[in-house]
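Q: As they're listed, the protein sequences go chains L and H.
Quick note, the first sequence lines up with residues 22 to 497 if you use the working numbering.
Quick note, the second sequence lines up with residues 286 to 702 if you use the working numbering.
Quick caveat, the hints were computed from the structure, so don't treat them as lab data.
The model shown is predicted, which means the values in this text are computed figures rather than measured ones.
Not one of these hints is a red herring.
Derived, one-sided and incomplete: chain L residues facing chain H with beta-carbon distance under 8 Å:
| id | residue |
| --- | --- |
| 1 | ALA299 |
| 2 | ILE410 |
| 3 | GLY417 |
| 4 | ARG422 |
| 5 | GLN459 |
| 6 | PHE462 |
| 7 | GLY464 |
| 8 | THR483 |
| 9 | ILE491 |
| 10 | LEU492 |
| 11 | GLU494 |
For every residue, glycine included, the Cβ atom is placed at its ideal position computed from N, Cα and C.
Below, each chain spelled out in residue letters.
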Amino acid sequence: MNYDVAVIGAGVSGAFAARELTKYNLKVVLLDRCNDVAMGTTKANSAIVHAGFDAVPGSLKAILNVKGNAAMSDVCKELHVPFKRIGSFVLAFSDEETVTLRKLLERGNENGVPGLEIYDSEKLRSAEPNVSDKAVAALWAPSAGIVCPYELTIAAVENAVKNGAEFIRNFRVSKIEDDGSVFTVSDGKQEVKAKYIVNAAGVYCDEIAALIGDNSIHTIPRKGEYMLCDKSSGNLASHVLFQCPTIMGKGALVTPTVDGNLILGPSAIDIEDKEDVATHADVLADILAKTQKSVPAVSTRDVITSFAGLRAHLESDDFLIGKSEKNGRFINVAGIESPGLSSAPAIGEMVAGIITEDCGAALNPSFDPVREEPVRFRHMSNEQRKALIEKNPAYGRIVCRCETITEGEILDAIHAPAGARDVDGVKRRTRAGMGRCQGGFCGSKVVELLARELGVEINEITKFGGESKILYERTK
Amino acid sequence: MLNYDIVIIGGGPAGMAAALKAKECGVDSILILERAETLGGILEQCIHTGFGLQYFGEELSGPEYASRFIDLVNKEKIEYKTDTMALEITDSNVVYAVNKKDGLLEIQAKAVILAMGCRERPRGALNIPGTRASGIMSAGTAQKYVNIDGYMPGKKVVILGSGDIGLIMARRMTLEGAKVECVCELMPYSSGLTRNIVQCLDDFGIPLYLSTTVIDIHGKDRVTGVTIASVDENRRPIPGTERLIECDTLLLSVGLIPENELTRAVGIGLDRVTNGAVVDEYRETDHEGVFACGNVLHVHDLVDFVTLESQTAGEGAARYVLGKKQKSDQVTTKGVGTVRYIVPQKINLNNEGDVKLFFRVGNTFKNATVKVKYNGNELISRKRPRLAPGEMESVLITKKMLDTFEKDGVIEISVEV
Ligand SMILES: Cc1cc2nc3c(=O)[nH]c(=O)nc-3n(C[C@H](O)[C@H](O)[C@H](O)COP(=O)(O)OP(=O)(O)OC[C@H]3O[C@@H](n4cnc5c(N)ncnc54)[C@H](O)[C@@H]3O)c2cc1C
Ligand SMILES: Cc1cc2nc3c(=O)[nH]c(=O)nc-3n(C[C@H](O)[C@H](O)[C@H](O)COP(=O)(O)OP(=O)(O)OC[C@H]3O[C@@H](n4cnc5c(N)ncnc54)[C@H](O)[C@@H]3O)c2cc1C
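Looking at chain L on its own, in the form it has when it is part of the complex:
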């Protein structure tokens, strides 16, 4: 197939690049090596839309973060993704750290972050009663928010596909050839042709760039491990609570998620293996100790799962976005570590800008920015539920009891543009299996529904593609 642009990597960066590109008369294909979108770093991070006071003024991180943050409300409205601008605090536990707060405030002002203010401990505690009484001051950033990163990505890809982009899963790019005007991108089995390439492969950006002889990028996977707590502890924090940053990152944080759970983390450890997202007991224990410094009441009692993500760190400590020095039709989107999620709408816009400036593509007059709101039974009133089930009885069967997810919602997830093909895909789109029992009850039901809807045997269904099969052969 021939395309104008092939975007490699369906994380949040690739998703927004693809969506922005469909605003123009361009034929776009989005390739990912996994069985779904958002399977890389995008599925495992702190889910914070940062205000933008951390990054060095003038850096791409600073500019795109503030821009992305400002755009997030509208983008989330168009895509019907829950976004809560709950604001963040950076906590100071000593006079020395209070000095750091002032520096961050100045930096933030320079970056154009709105509304920054330093709170004394009293004001802090009335805003956030569970915070440690050892916190002496805090930097308040009202524009910070929280969003579900994979939901945002799924929605952006759905919208891109609706506007004409194609999504090809299980396409691990391993070879790129260029005849001077068209690239041939292949995974050894299939190939696509495209005039432009956007390299948004996360921690693998360096390896993808190397396929065209661009060896200028070297990503260092920097791992962050987390714990996720049950909703019963979700109210321990009502804002994002950071500690003062160190050279390794923003430090341990406590934050609610848009769904009302609580996230504790992340650690920051540089590693070698770009596939290693295992979690470790000692690291998790350390996270708990550190986060208890901010909110003493957090405990392992309510932890329902742990996970880890890899930051695609570059030596330069900034995003690297632009034409490759080896090939002007090859656009690198590299080093997209934090605040990559916050910046995603702005990154997408920047990428589309570079390509359209180069090729002069016209605007796509039929572009529709709206992604329909998925049915969310659990958020409906009883009246709405009544009407919904009358229209489609599949919404009258609850499959996931912890999160109150209906069969209808699961069918929607499977049949959506670039829809779910595996158990984790259903889970990310609907939350089925994300509650207290972590799929213990509904996991097998989801497997059955996937098999039925995709027309395969139940032992062909995977957890997340590849070899992650759930069932073997039939019993005797």
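Following the hints, complete the assembly by docking chain H with the ligands onto the known chain L.
A: Relative to the frame of chain L, chain H with the ligands by itself:
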């Protein structure tokens, strides 16, 4: 709006026994709501035998035990709706439920009986680090795949936790041709029934490693192995005892949690140890007209006890509906030391008969004495050859004793060695 005297949430053994008893006591307007496609509860997937020894004096399989009650429910023409999930109970005992056929149901009940059972604890509750590979599931999920769907969830299996479901699945998977490498138990004793350890592990040569846990899980897509280690008395892994065991499946049988979302949402008081409601001798909660029984109240090892307890709740609900219940002063019960909990937590002083107290201990004991005291004075002292966390114990508070009690008195149970 529909109207019923008693609405029962959950059509497992608890819900059915409660319904039948309420009917027997003279209440006709009863509705059972069951989320699954059939009545029977978790028993439907327990195709092994070992049910009903106490209640029927016979050894039945789970589905057989359930079907006896299903037959009775049908015979007594008790109404039920399957494939129907209760979503909410209001302060005034209105139950909201949904199904495909009726859509959203709004049911005004005079009394509600909570019989939602329990679910298995997930991995996160244990904080096992490692990868997120496929092949990690609860033993009950595996049981469903094997017994209901007819597919094998793995070939080389490690089981963490020696709860009864884990033990039963060790045998089941072995019979289906899988290799069960071992069962690891964090505690120095198994929480499973002795008979299950003998019949499910010993008879098949499957090792049970006590004071052992899984400290790491390996594999990117599918599990390829787990690292196990011995633990010290504080349940911390002992360095140097780590051992890698190759496997493609890790089954978790690490306990059950009563399913009390509905209970919590309406504000019913819960017991921190049982994770079930605080109840009186008729299993009435602190929310008038709402009763609870079976695994949703506290986790039972034998279904026979579930049945008995649920009959009590059914009778209580019937008394309430028929206006026979009278307000009364109460005494409370309290487990001391190793006695982790007692059900019921409260007893009404105007109760007309004896009251059985059920309790669990937190450790294994040989030749121990169970002591029951009322306001510090000994009422009962009973020698027991063996006490174990896996087996529920009971003592009887007679009507005669009860008559001597006064408002706000405290009954304490302790174990002395
Ligand atoms: C611990 C941690 C915490 C963070 N917290 C925040 C935060 O709170 N706020 C914030 O703004 N940002 C945060 N970030 C950063 C944010 O998560 C990332 O910037 C963002 O997810 C990067 O998205 P991406 O699309 O660039 O990369 P990815 O999500 O990694 O996507 C890359 C995609 O490329 C695919 N791919 C790789 N190789 C190939 C190939 N050969 N062929 C085809 N496809 C391929 C992968 O499958 C993957 O889907 C955090 C990051 C980490 C690790
Ligand atoms: C795997 C396993 C093996 C066992 N092995 C043995 C054994 O060998 N011998 C023995 O004696 N006992 C055994 N038991 C114990 C016995 O099965 C249980 O004690 C008994 O089933 C508990 O009955 P219950 O009615 O309280 O709960 P359940 O059987 O769990 O029934 C609860 C019912 O409530 C329904 N429900 C829950 N929430 C809702 C809602 N909101 N709306 C509608 N319906 C709802 C559920 O679908 C379920 O059907 C075993 C238990 C398990 C889990």
